[in-house]
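Undergrad: Produce the complete structure using the sequences and hints provided.
Take a look at the letters that make up each chain.
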Amino acid sequence: MADANQTPLLAIDDLAVHYPIGGGFTGPKRVLKAVDGIALSVAPGECLGLVGESGCGKSTLAMAIMGLVTPTHGHIRIADQEISATKKADHMHLAQTVQMVFQDPYASLNPRQTVRRTLADPLRLHGIGNRTEIEHRVADIMAKVGLRPEQAARYPHEFSGGQRQRIGIARALILRPRLVLCDEPVSALDVSIRAQIINLLLELKDDLGLSYIMISHDLGVVEHVSDRVAVMYLGRIVERGDWREIFENPRHPYTRALIAAIPDAFRRRAVAGQKARGEIPSALAPPPGCHFHTRCPLVADQCRSDAPALEPVAPGHLAACHFRDRAA
Amino acid sequence: MKFRANLYIGGAFFATAVIVGVLAPVIATHDPVFDANLMNAEIPPGWEYPFGTDAQGRDIYSRVVHGARISLTVGLVAQCINSIIGVTLGLTAGYWGGWWDDLVSGLTNLMLAIPSLIFALAIMAILGPGLVSLLIALGLTSWSYSCRLARAQVLSLKSQGYVQAARILGYSDLRIMFTQLLPNILGPLIVIATLGAGGSILAEAALSFLGLGIRPPYPSWGSMLSDAREQITTAPWLSIFPGLAIFITVLGLNLLGDGLRDILDPQSRERTS
Amino acid sequence: MSVPLLDVENLRIALSQGGKSYGAVEDVSFSIAPGETLGLVGESGCGKSITALAVMGLLRPPLSLGGGRITLEGGDIHDLPPAKLRQLRGKRIAMIFQEPMTALNPLSTVGRQIAEMFVLHAGANWSEATDRAVEALRQVHVPSPERRVKDFPHQLSGGMRQRVMIAIALACSPDLLIADEPTTALDVTVQAEIVDLMQELCAAKGTAILMISHDLGLVANMCRRVAVMYAGRIVEQQAAADIFDRPRHPYTRGLIASLPRLGARVAHGRQRLQEISGVVPAITAFPAGCRFSPRCQRATDVCQSNDPPPTPLPENGLVRCHHHG
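Chains as they are written, first to last, in our numbering: chain V, 586 to 913; chain P, 11 to 283; chain C, 121 to 445.
Honestly, the hints are just simulated from the structure, not real lab data.
Accuracy of the hints is not assured; some may be wrong.
Stated by the list, open to error - Quick look at which bits of chain C chain V covers, simulated, 3 or more residues with Cβ under 8 Å: (1) 302–309; (2) 383–391.
As the list claims (entries may be wrong) - Using C-beta positions, here's what the derived DEER-type ranges look like: (3) E219(C) to L120(P): 38 to 46 Å; (4) N225(C) to G107(P): 28 to 36 Å; (5) Y18(P) to L653(V): 43 to 51 Å; (6) P882(V) to R267(C): 19 to 27 Å; (7) F610(V) to I19(P): 47 to 55 Å; (8) E193(C) to F610(V): 55 to 63 Å; (9) Q391(C) to A724(V): 30 to 38 Å; (10) F908(V) to N119(P): 55 to 63 Å; (11) T26(P) to A724(V): 49 to 57 Å.
Claimed, not checked - Straight line, CA to CA, 25 Å or less: simulated PhoX-like cross-link-like pairs of lysine-lysine: (12) K618(V) to K672(V); (13) K168(P) to K673(V); (14) K204(C) to K325(C); (15) K618(V) to K168(P); (16) K673(V) to K618(V); (17) K672(V) to K168(P); (18) K790(V) to K729(V); (19) K325(C) to K211(C).
For clarity, every value in this text was computed on a predicted model and none was experimentally measured.
For every residue, glycine included, the Cβ atom is placed at its ideal position computed from N, Cα and C.
TA: In structure tokens, the structure reads:
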């Protein structure tokens with residue numbers, strides 16, 4: 586389990602990623618605030634679950650953490666490296682610290698490369714080991730993800746979706762990173778093989794002492810794997826805390842709405858929540874004040890003008906709602 | 011297995027042209043340039059001269075066969091230059107975007123708007139006549155097609171997981187472009203290149219026809235057509251055989267390109283699920 | 121029992137590939153009573169979508185109807201000529217799909233697409249039909265329907281488009297609505313609203329629903345009965361209330377045990393998810409005997425040689441397994 590007093594492996598401070606849209610001939614200039622002031626941290630050995638629907642900015646946040654988009658302002662600190670608006674990501678350095686598992690196993694592997702090449706090339710690029718050592722590491726990681734050694738010479742199209750995802754996981758782990766960002770790792774897989782991949786990810790986490798950021802829209806998966814959970818809505822974190830707190834005692838109406846929206850087939854859910862009304866607003870024109878007020882069952886005048894801050898409800902459990910102290 | 015007519019027939023035609031060109035010195039019956047005797051001028055096709063002779067008394071068959079070397083070399087080298095320029099510009103424009111992309115796209119649009127022949131003529135006028143200037147002129151005119159294609163392909167592949175994974179693994183931009191993107195866009199580019207080679211051969215023929223390409227007495231199919239302009243009714247064999255040679259070669263390349271597209275496209279979309 | 125609304129008997133759908141014919145769906149039987157909701161659950165490739173297409177008469181080569189009977193209120197519909205089928209669709213059976221963007225005409229306003237239904241099937245003129253279209257949008261809870269009526273599909277969000285699809289489908293109050301993964305492409309909170317909407321409207325109009333999805337939880341919550349499909353067969357059919365508590369088929373059991381469900385970790389702590397080994401077989405390579413046997417922990421010799429026949433269960437249920445229970 587994670588030790589909350591250790592220096593965090595990942596620390597994000599007031600991060601914003603804004604995209605200018607339009608302007609000139611196509612219409613008035615607008616700003617898409619994909620990520621709008623986010624603070625997060627991940628401790629070594631911890632799994633942080635990140636939940637949200639379309640337009641919440643979790644994909645942009647993932648891109649920013651991986652150094653694929655430049656922040657508009659704010660800092661991202663990963664181990665001893667920093668990414669900010671003025672300091673671009675140094676991928677050669679970052680590569681051995683943070684890696685990513687992608688959602689679509691059919692698009693995340695180079696169709697013209699064998700498995701061996703996909704796994705060995707990064708080692709060569711980083712000058713890790715001679716030929717024998719590279720062979721060993723490739724064989725080792727393949728075994729760890731459940732692939733047979735003779736499969737190294739095959740091409741991606743010869744594998745099933747689940748196997749391709751295993752290759753993707755192997756690639757993410759080949760440089761022995763400390764933090765792995767998993768972006769919807771099982772959503773594109775057949776239902777009956779999701780368990781295989783989820784179990785694998787959890788085993789690897791324990792075996793290799795990894796930290797995860799698990800992005801998923803499937804609350805069941807998030808509850809199962811996370812130590813802490815952060816809920817995002819239209820670019821902001823609306824609630825954050827220990828997994829048990831979030832799922833047993835959610836304090837933000839959106840979190841409650843997410844939970845209420847899942848069909849309760851087991852009829853064992855402790856929390857009954859109210860569902861959200863209406864459609865998710867466009868991220869280009871988020872409602873003023875609290876972004877969620879247009880769909881919130883608890884909406885009051887204050888919500889339309891004052892954006893509530895993310896403040897503690899209990900130690901380690903924060904919610905951005907004027908009515909955060911109201912239990913479900 | 012479907013009988014891929016395009017591929018086999020096109021391949022056969024093109025291969026024939028290449029073989030003829032390669033074996034030219036062996037299979038020609040006369041010297042194409044020096045074996046000229048005005049006494050033998052404009053003899054119709056017959057046993058001694060299967061394709062007849064031209065106004066200078068030279069054997070047309072030998073000239074057509076040697077012409078294959080020149081026309082094919084010019085066509086293929088010009089297409090190589092085209093492809094290299096086009097792919098490099100398109101690949102980098104698509105991947106890097108920004109002002110470079112704007113510049114390249116603007117240039118591409120410009121090139122597509124200018125009639126290629128006129129552009130080639132202008133370059134030839136500046137550089138003067140000769141084989142090298144011909145190659146440069148042809149090489150600089152048609153790169154826009156491969157550029158546009160490469161750019162479009164890169165734009166669609168750029169956001170694929172494996173390209174992002176390469177960035178995260180520390181691959182440099184150049185390495186990504188050459189090891190991750192280029193191999194995956196090669197298919198359609200090869201098809202364009204085969205079709206473009208046909209176009210280059212035709213362009214060379216046109217330029218030579220206008221007197222700007224290969225100068226007499228060296229045989230290129232286009233210059234042979236040019237020489238035969240005036241005698242088209244009196245001695246049609248002067249035009250028919252070089253014309254046929256161009257036709258078969260370019261048709262072969264076009265069919266080959268089509269056939270390659272059929273093979274390469276479905277394969278790249280194959281998956282086992 | 122009274123005459124079922126839809127009765128499918130021993131349905132067989134053939135797939136022609138590479139000169140050979142494969143049974144994509146075989147021996148599928150189920151029935152839906154008027155106003156009832158039946159859920160059809162399975163993974164990709166199990167045949168649930170093409171079963172729906174067969175009911176609608178929309179099978180196209182390389183798929184074709186290979187046998188069986190489909191009746192609507194007692195009358196055969198599987199062998200109707202195309203003209204008669206066209207009359208049925210929209211008026212008596214309607215269908216909504218997963219991707220509303222591809223099912224809606226991008227060049228026509230949503231108002232017109234709804235109004236078309238009234239013109240074609242209810243004999244209304246365009247002006248009446250447009251008024252009824254506005255009303256239909258109101259029924260599916262689209263805000264400001266008088267303005268929305270003039271919008272094009274691309275101007276609406278995914279959830280809105282799905283509501284428009286539902287409005288089109290239910291415009292002429294059909295007897296049966298077939299919904300093929302209607303919520304899969306939508307956000308979670310929007311999914312919940314669409315499901316509620318479907319239930320509310322269909323209850324009001326007395327429309328039966330055939331709900332197709334890969335999400336067992338969603339279907340069990342929404343439907344009165346659930347049928348689980350695997351590799352072209354229905355392997356289990358039970359009342360929704362029972363299927364989670366007492367799954368009879370190893371596949372259903374495996375599915376339920378393998379998915380992390382909300383509330384499980386709070387109740388029992390984190391337990392390793394039970395995996396179902398292997399992969400879903402391709403249509404061209406269905407195993408001999410029981411199709412689930414290669415992946416089944418209870419498989420014995422008889423499973424590998426004999427295809428289990430359907431065993432009836434109480435309350436119109438069935439299970440196909442040599443070792444059920």
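Undergrad: Confirm or reject each hint.
TA: Hints and how they fare:
1. 302–309: Holds: 3 residues of the region 302–309 of chain C have a Cβ under 8 Å from chain V.
2. 383–391: holds (count 6)
3. E219(C) to L120(P): 38 to 46 Å: 40 Å, holds
4. N225(C) to G107(P): 28 to 36 Å: 34 Å, holds
5. Y18(P) to L653(V): 43 to 51 Å: Holds, since Y18(P) and L653(V) (Cβ atoms, about 46 Å apart) stay within the stated range.
6. P882(V) to R267(C): 19 to 27 Å: Hint holds: Cβ distance 26 Å, inside 19 to 27 Å.
7. F610(V) to I19(P): 47 to 55 Å: 49 Å, holds
8. E193(C) to F610(V): 55 to 63 Å: 58 Å, holds
9. Q391(C) to A724(V): 30 to 38 Å: Since Q391(C) and A724(V) have Cβ atoms about 31 Å apart, the given range 30 to 38 Å holds.
10. F908(V) to N119(P): 55 to 63 Å: 57 Å, holds
11. T26(P) to A724(V): 49 to 57 Å: Given a distance of about 50 Å, which is inside 49 to 57 Å, the answer is holds.
12. K618(V) to K672(V): 20 Å, holds
13. K168(P) to K673(V): With a Cα-Cα distance of about 20 Å, the restraint between K168(P) and K673(V) holds, given a limit of 25 Å.
14. K204(C) to K325(C): With Cα atoms ~24 Å apart, K204(C) and K325(C) stay inside 25 Å; holds.
15. K618(V) to K168(P): 23 Å, holds
16. K673(V) to K618(V): 20 Å, holds
17. K672(V) to K168(P): 23 Å, holds
18. K790(V) to K729(V): 11 Å, holds
19. K325(C) to K211(C): 13 Å, holds
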